[in-house]
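Undergrad: Read off the chains here:
2 protein chains.
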Amino acid sequence: MMNRKVNQPLFLVACLFFAQHYTAQNSTHTATIKKIFDYTLTRGKAYDNLHYLCKNIGQRLSGSKAMYLAEAWGLQTMKNAKADNAYLQQCLVPVWQHKKDEKVSATWSGEKGGKLKIAAVALGNSEGTGGKTIQGTLVVVHNYEELEAKHNELAGKIILYNYPFDQTRINTFNGYRDAVTYRGSGASRAAKYGAAAVLIRSVSTAADNHPHTGSVRYNDSFPRIPAIAIGTMHADQLATLATKSEVTIKLKSTSTMLADAPAHNVIGEIKGSLYPEKIITVGGHLDSWDIGEGAHDDGAGIVQSIELINIFHAIGYTPKHTVRVVLFANEENGLRGGNKYADEAAAKNEIHIAAIESDAGGFSPRAFNGTMSEEQYMKFASWLPYLKPYGITDMGKGGGGADIGPLQQKFKTPIIGLSPDGQRYFDLHHCKTDVFEAVNKRELHLGAAAMAALVYLIDNEGL
Amino acid sequence: MMNRKVNQPLFLVACLFFAQHYTAQNSTHTATIKKIFDYTLTRGKAYDNLHYLCKNIGQRLSGSKAMYLAEAWGLQTMKNAKADNAYLQQCLVPVWQHKKDEKVSATWSGEKGGKLKIAAVALGNSEGTGGKTIQGTLVVVHNYEELEAKHNELAGKIILYNYPFDQTRINTFNGYRDAVTYRGSGASRAAKYGAAAVLIRSVSTAADNHPHTGSVRYNDSFPRIPAIAIGTMHADQLATLATKSEVTIKLKSTSTMLADAPAHNVIGEIKGSLYPEKIITVGGHLDSWDIGEGAHDDGAGIVQSIELINIFHAIGYTPKHTVRVVLFANEENGLRGGNKYADEAAAKNEIHIAAIESDAGGFSPRAFNGTMSEEQYMKFASWLPYLKPYGITDMGKGGGGADIGPLQQKFKTPIIGLSPDGQRYFDLHHCKTDVFEAVNKRELHLGAAAMAALVYLIDNEGL
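Here the protein sequences line up with chains A and B, keeping their order.
No gaps in the numbering here: position 413 of the first sequence is 413 in our numbering, and each next residue is one more.
No gaps in the numbering here: position 315 of the second sequence is 315 in our numbering, and each next residue is one more.
Keep in mind the hints are simulated off the structure, nothing from the lab.
As the structure is a computational prediction, the values presented were derived from the model and not from experiment.
Honestly, I wouldn't trust all of these hints.
For identical chains, the list gives no copy identity; a pair is met inside one copy or between any two copies.
[Claimed, not checked] Cross-link-like lysine to aspartate or glutamate pairs, in silico, DMTMM-like; alpha carbons within 25 Å at most:
(1) K35 x D166
(2) K412 x E344
(3) K388 x D166
(4) K388 x E374
Okay, chain A solo, but in the shape it has when bound (with noise of 0.2 Å):
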């Protein structure tokens, strides 16, 4: 318990006046700021971009037809909204084949015996059964520990790792975080043991029985077992029935990889008027999972980036550095393209002084969070008050982006994030629920408003 002094709410007010109120505004940039947001909200071209994108073109997985036709949208696109220059930079992706083919039954015996069909989705990049109908007892782990308390009685077992989003993280990528190493990890810490195939609960804040996809790691020390996410009540169900009889799953799925293809990052830039050779990167991803729409993961960060080079003709700015904006290829299960990007940027000696990417969903934007120097986080969080009359609140440490990441790794490069409003994220990432009509559009156009400002913020004020 604390002593209250009788002055401190006064103090703390002061200082709050203090912190918004010192930074005394520079008015050219409170002008063009408000022309930012004033253009996107009522004349912005995003959620139309989002909309073709999502339609006419869909799910665009890594070196599927999709992707390549999602590559010439944007290229057209760039052009469209007249950037100096738009092309394409090759790279190599894995190619996953996924024809959408496995089935997941579960049966049990006893007094209640039955059968249920599970929704089921392989994980990305995962080998399947060949065809071939697998099954084995299923051996319900909630964790880790529990999976190496029981290691000796895994062999020729299906493993369902049924480990909770944790649902009190405020900040749901906590949460995703803290849950995802079982999809990543959890096929072969199972398969070390001899298990068959894993099932994984899906990796979602929603109660339902969409499965929900994501990447899968395989350790190469041991064999490539089948893994597949079920819907979170389906896993519960799951986890009940084996608490009370013995529970056989059938599996059967034909999903492997094949030789990796091109693939390009598309990218589109406004020449700097006074630093040219001085690169302001702005991106998301173009590539998507195979089921939905790929809308908020990552259409949104897409048009959103492209939207920048309207945002600034519409509202007559020339910035004095170049600003690149890339839609990378690949994030979603290999990197290639982000990789590529850095790799490119070292060959050819780019100058890369900050980076931004949008791919925590098209909600609204609640923060931008860097990686950077202390001196460099020191402007970055100054520039709090030009951003917070938009819905700005945090200037934060720590965000960045998977596809920026190299450039960060590679030449110490500033990179942020777009920190939106993450609360639905988990109900839709990676599922079937993430189509066009889960995004609205104001939050959309704050967000590529918002990327716009400070763009306009590192051009004029440097990072």
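Since the structure of chain A is already known, use the hints to place chain B on it.
TA: Frame of chain A, contents of chain B only:
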């Protein structure tokens, strides 16, 4: 342009640090607030309660059969939550008869003549045509200035107010307040000049053909002419047509006011352990419009309010003051419940130390806004650090709620409104799209927990 001092960012960061950390937090408060959020996010019942209300009772216009069912549900839900005391407080409410039989169409002649059927909803409390079809030439105005300029041309005409929602307002409630005058007063302003009826462009951020309803307020000096909402796209289409052709509107409807009927505020209390005579009121409104399910407006607010009883029981917290949960009658088209509640408070000499309302949608909570004395505000604002970890980034001035407004007016009771993210709200407000499926569980529950945390702070620190 400003001259930036070199050490300014440092000073800013120091200020931010003080603002965030100077108020040494009471560790009991911090721990209790965490319990509140942990419970609500994992085991809260608000979402399930909302599902029942929306799907088993649905829309609940004042005086309708469903309103009485909703009252009974509310009372039972308070009892299920183990309120110490649950009861009804009677008032009389206006009864607007609305058979949803309105028909509106437009015809125009000339080379490109044609006919358009227009989705239409009579505005709340409005009079119809008595079942007769009336017709008149369309006159489109964008605002009252244009209406006044054309006042000699309005006799016998049908006026369309085509005032667009100002999408540049970041706080959409400001856009709503700006535009809603045409819905409220447009009919009488046109009737003054002999208009036969008015069509109102829906006060909506969406581009679609869903009409949004809401109250009309007739001025008794002029005839009560029909007032009908149409979708934003139809409004634009009519406005364009009218620039090219003479457009005739045909219109038929039967809505009318009936005699007042009894209704009830539904009240549930947790008796205060130390100051049972001092009351903290928490509420939303039970009634809704008769399209959609009143899910965000204001099913969300009432299930969040009821949730406080569940929360305090679940975490084992007994408030020192009486916490009174009120599901107010008739907010939408009369405010009779809110007025009755304040009248009864006066008649019984009740002591109300604060009142909180949730009536801005069940979205991610972002702020509380209060109307209170400066001294009270300083205390209120000093609680921000307790709520910031849960996404509340502002304790602002000037909010409250329609139903608790009369308490403020009568007794200067501090009133506080929960302010969730409002970007999606006016897409669905007063519209058939305001259904359960538009509410996200985590967003709804975060709001309930934030309200419980605020009540806990008021209960312990006073206001």
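Undergrad: Taking the hints in turn, state whether each one holds.
TA: We went through each hint and held it up to the structure:
Taking identical chains as interchangeable, the C-alpha atoms of K35 and D166 lie at most 25 Å apart only when they sit on different chains, with a minimum of 14 Å there against 41 Å within one chain. Proximity of K412 to E344 under the C-alpha cut-off of 25 Å is restricted to the intra-copy arrangement: shortest distance 16 Å within a copy versus 66 Å between copies. Taking CA atoms no more than 25 Å apart as the test, K388 paired with D166 passes between copies only; the shortest distance there is 19 Å, against 30 Å inside one copy. Taking CA atoms no more than 25 Å apart as the test, K388 paired with E374 passes in both settings, with 22 Å inside one copy and 23 Å between copies.
The structure fails none of the hints (numbered hints given earlier).
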